[in-house]
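S.K.: As a plain string of letters, each chain reads:
There are 2 protein chains.
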Amino acid sequence: MSRPPGFDKTRVLEQVERQFRKSGYSGTSLDDLCAVTRLGRGSLYAAFGDKHNLFLQALDGYCRRSEAILLAALDGPDDEALDRLRSFLTSAAHIVFSDSDGLGCMAGKFAVELAGQDDAVALRIKRNLSLIQDALVACIVAAQRNGDLDLAAPARDIASLFMTVARGIDVLTQAGAEIADMEGAADRAFAILPLTEAARRRLTVPA
Amino acid sequence: MSRPPGFDKTRVLEQVERQFRKSGYSGTSLDDLCAVTRLGRGSLYAAFGDKHNLFLQALDGYCRRSEAILLAALDGPDDEALDRLRSFLTSAAHIVFSDSDGLGCMAGKFAVELAGQDDAVALRIKRNLSLIQDALVACIVAAQRNGDLDLAAPARDIASLFMTVARGIDVLTQAGAEIADMEGAADRAFAILPLTEAARRRLTVPA
DNA sequence: GAGATTCTGGACTGATCTGTCAAGAATGTT
DNA sequence: AACATTCTTGACAGATCAGTCCAGAATCTC
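Protein chains in written order, with our numbering: chain G, 1 to 207; chain C, 1 to 207.
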């Protein structure tokens, strides 16, 4: 019936996403996007619409990925919930460094650049952060169910703290902070958890 | 000898700073800057150089201001050091909301937008954050001297945590977080301090 | 293999961008 | 009051921007 597109939409969106994350929204031109995707303007416009629409789709792709990864990383059996909370913080400290291009969290980046002026962007980012925060709360509650955390611990506030620490580590890393300092911050954040005696013993003498 | 400039350099830099903080570096045009300063292009270029130079001077003005304010807020007698630490966190949670235009921290914003590509910007921001972190360390040490904090508390790590929390609150607020959540995060961060018995009594029964 | 359909690339348009420049206005000095 | 100097404004140039469009290439169906 017709000629099929000669490119993979998902792959193109990832290249677009990388470019936006590197140069920002205003700092990225359509020529830049054509260069990294090796596509002509016509193909991009036909497949994704204008620049703003293209950005939204790239942002959505990032959000879906990060949600899938983090929700999976925070989900699991109750007796490992505490470990998952620790991993959440330490990986926040490491992921920006390990990322070969030093790109930070896309949601955080565009919360700062665009959320104040672009409702569609703000909405998507807010949903992304809410989902992650909810998963954190669930994980904290799981650790409580397992008897690792004091039942009086305010799960939502702790989740908020962890969210701020993750975003803050991201920003400070962009600003050239030392990885040791970020690890220190992550450790201190974990130390805020009101561990029960049982959990404390288990952690100091792991397996 | 000659005609004096008809504008106040400091005032113009503040108007420029506001515009950059609102729209970002790439998102701000010289026409925007001429509009907010009510100056012609020639005047701006003669007084401040090109766009990049103008931005650097506006950023420096912001950094100087924030350094003066925060270093003063963290400096004082040892017996109030703990209160100053608490104020640092709670004001981080409130300042973005109280700011009439909802502009966040300029250092954080441009750490995210520019630090990866602009060494001059990165350097200035890094110095800004280092100065504040050092002041936090000094304040923690002061609280230890006063017998409010456990002497074994890792001052530098705690300062790193507070820095990440402050930056994180800023980002999440831009993303539309509730102020109650940010207050919760600030409270939890404060709760990480290993208070001595004396300090705990003093806080629960203040004055 | 012919034809219909869609994809692709790049030229093009009009708007906007940064930075320059010169003419005129305003001020201090003599 | 006249002059020298500096400031100010807005027009201008060259580059770049987002978005449109069309001619030609590629593919599928029959």
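Take these hints with a grain of salt, some might be off.
As the list claims (entries may be wrong) - To be clear about the criterion: a stretch of chain G counts as covered by chain C if any three or more of its residues have a C-beta under 8 Å from a C-beta of chain C, and this derived list gives those stretches: (1) 156-162; (2) 168-182.
As the list claims (entries may be wrong) - Rough simulated footprint, nothing fancy, chain C against chain G, three-plus residues with beta-carbon under 8 Å: (3) 22-33; (4) 77-84; (5) 123-131.
In short, the hints are calculated from the structure, not lab data. Predicted, not measured: the structure shown is a model, and the values here were computed from it. Virtual Cβ for every residue (Gly too), placed ideally from N, Cα, C.
S.K.: Each of the hints needs a verdict: does it hold here or not?
M.R.: Against the structure, the hints come out as follows:
| no. | hint | result |
| --- | --- | --- |
| 1 | 156-162 | holds (count 5) |
| 2 | 168-182 | holds (count 11) |
| 3 | 22-33 | holds (count 6) |
| 4 | 77-84 | violated (count 0) |
| 5 | 123-131 | holds (count 3) |
Consistency with the previously given hints fails for number 4 only.
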